[in-house]
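These protein sequence lines map, in sequence, to chains Y and W. Residues 1 to 203 in our numbering are what the first sequence spells out, letter by letter. Residues 1 to 203 in our numbering are what the second sequence spells out, letter by letter.
Misleading hints may appear alongside valid ones.
Stated by the list, open to error - Within a straight-line C-alpha distance of at most 27 Å, the following computed DSS-like cross-link-like pairs (lysine-lysine) qualify:
| no. | chain 1 | residue 1 | chain 2 | residue 2 |
| --- | --- | --- | --- | --- |
| 1 | W | K108 | Y | K99 |
| 2 | W | K104 | Y | K87 |
| 3 | W | K99 | Y | K104 |
| 4 | Y | K108 | W | K108 |
| 5 | W | K99 | Y | K87 |
To be verified - For each label pair, taking beta carbons as the anchor points, the in silico distance ranges come out as:
| no. | chain 1 | residue 1 | chain 2 | residue 2 | range |
| --- | --- | --- | --- | --- | --- |
| 6 | W | E52 | Y | K104 | 24 to 32 Å |
| 7 | W | S33 | Y | D130 | 41 to 49 Å |
| 8 | Y | E111 | W | G19 | 27 to 35 Å |
| 9 | W | L176 | Y | G22 | 43 to 51 Å |
Stated by the list, open to error - Some but not every residue of chain Y turned toward chain W, in silico, with C-beta under 8 Å:
| no. | residue |
| --- | --- |
| 10 | I48 |
| 11 | E52 |
| 12 | G88 |
| 13 | F89 |
| 14 | Y96 |
| 15 | L107 |
| 16 | K108 |
| 17 | L109 |
Simulated from the structure, these hints should not be mistaken for laboratory data. Think of the CB as a built atom: it goes at the ideal place given N, C-alpha and C, for glycine as much as any other residue.
Single-letter residue listing:
Protein chains: 2
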Amino acid sequence: MRSGERGEGKPLTLWVLTGNEGKLREFKSLGESLGVRVERAIAPKLEIQSEELTSIAALSAVLAKAASSIPTPAFVEDAGLFIRALKGFPGPYSSYVLKTLGVKGVLKLMEGVEDRAAYFKSAIALILPDGSVKVFTGIVNGSITLEARGEGGFGFDPIFMPEGFSMTFAEMSTDLKNRISHRGKAFREMVSWLRTAFKTRLP
Amino acid sequence: MRSGERGEGKPLTLWVLTGNEGKLREFKSLGESLGVRVERAIAPKLEIQSEELTSIAALSAVLAKAASSIPTPAFVEDAGLFIRALKGFPGPYSSYVLKTLGVKGVLKLMEGVEDRAAYFKSAIALILPDGSVKVFTGIVNGSITLEARGEGGFGFDPIFMPEGFSMTFAEMSTDLKNRISHRGKAFREMVSWLRTAFKTRLP
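The following block holds chain Y by itself, in its conformation from the complex:
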């Protein structure tokens, strides 16, 4: 965003770097609920191999900024499903595992496994106008269901039931999922930080 483009009463615009339509939909909906516009920016994407989502997201953000002239504030999100009985698998490689093994493969790995505990984690790396990067994270605990349920969401949502609910993420409305999800938590943290920062020191 160019300085001066945002006047009084004009909503903050955040640029998201993603090729994932499911994520884009959730971020747009999250933005609406907070009075923030979320738009997609196009930039080359390079993700490192790491078990730390925060490192993956932060380096993706730095590289995207270095490689192209993206508008700011912009953000990159990396998320993963971490299953305790599988030592954190599929974790940072969730999208690759979804494409190869799929939901069925993960259910097969969990056949006969009593410990169903898992969590989703989101790491958002925010690129500021001065090129610096700030990372926000969100986690939601839950369990892996015995079978896939629901048509909503994306990724491993049909087999993840968040703590305190009897529905999977895929059985929830986008709105409900966003209120409790890892992604929603990280996004709200970012917006809250940005609002304070813009009042005090950002242009």
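Dock chain W against chain Y, hints included.
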């Protein structure tokens, strides 16, 4: 390698960037069989997420060279096991999958699966004194066994039986494995190329 360090009759020294003791052992043995010294060099390692082993290895090599003053010629290897029935899984993420699901997890995914076809692929990125990078690859076809067999090798070797053999990689001597393996093929290609190149245009 500093220019002039290699005289007539002195063996070529290749520096390998790896933290994997199994790989180091195989490369040293491969080197011996070809009259080449293989020594470990220390450099920061950064691997990207990609389904192309050649891209992972090449960028790792470029980044290692950029980040530190490693001796040359040096090389980085990336390898993976690609299982057809699992759409190539675990592929480029084989070491992460080994650490989380292990050999047992992959056998569980393959329970009841008739198509056992798989291949190992190795991609070696060679960094030359002038900073340029050349990539060599090797593939060995085979199948996933019904159970783990053998104590040798490393990684997924106990469940991989190369075409034309009734032993797994883990049941073979290092020497025999090297003669037929993806890694051996890529390494021999590299050495053969280097020998020709040193004769004609490398310092």
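Hints, one by one, checked against the model:
The straight-line distance between the Cα atoms of W:K108 and Y:K99 is roughly 18 Å, inside the 27 Å bound, and the hint therefore holds. Our distance criterion of 27 Å between C-alpha atoms is met by W:K104 and Y:K87, whose separation comes to about 13 Å. Taking the CA atoms of W:K99 and Y:K104, the gap is about 21 Å. The hint holds against a cut of 27 Å. With a CA separation close to 8 Å, the supplied pair Y:K108 and W:K108 stays within the 27 Å bound.
The hinted pair formed by W:K99 and Y:K87 meets the criterion: a straight-line CA distance of about 8 Å does not exceed 27 Å. A beta carbon spacing of about 26 Å between W:E52 and Y:K104 agrees with the range 24 to 32 Å that was offered as a hint. Taking 41 to 49 Å as the suggested C-beta distance range, the pair W:S33 and Y:D130 does not conform, at roughly 55 Å. In this structure the supplied range 27 to 35 Å holds for Y:E111 paired with W:G19, their Cβ-Cβ distance being about 34 Å.
Checked against the given bound of 43 to 51 Å, the beta carbons of W:L176 and Y:G22, roughly 48 Å apart, stay inside it. A distance limit of 8 Å between C-beta atoms decides the matter here; for Y:I48 the minimum to chain W is near 6 Å, and the interface restraint holds. Contact between Y:E52 and chain W, as hinted, is not supported at the beta carbon level, the nearest pair being about 13 Å apart and thus beyond 8 Å. This hint holds: Y:G88 has a C-beta 6 Å from the nearest C-beta of chain W, less than the 8 Å allowed.
Annotation: interface hint on Y:F89 holds; nearest CB of chain W at approximately 4 Å, less than 8 Å. Against a cut-off of 8 Å between C-beta atoms, the interface hint on Y:Y96 holds, since the closest Cβ of chain W lies about 6 Å away. The restraint placing Y:L107 at the interface with chain W is violated, with a minimum CB-CB distance near 11 Å, outside the 8 Å limit. Nearest Cβ of chain W to the Cβ of Y:K108: about 6 Å, under the 8 Å cut. The hint holds.
For Y:L109, the shortest C-beta to C-beta distance to chain W is roughly 6 Å, which falls under 8 Å, so the interface hint holds.
Against the hints set out earlier in the document, violations occur for numbers 7, 11 and 15.
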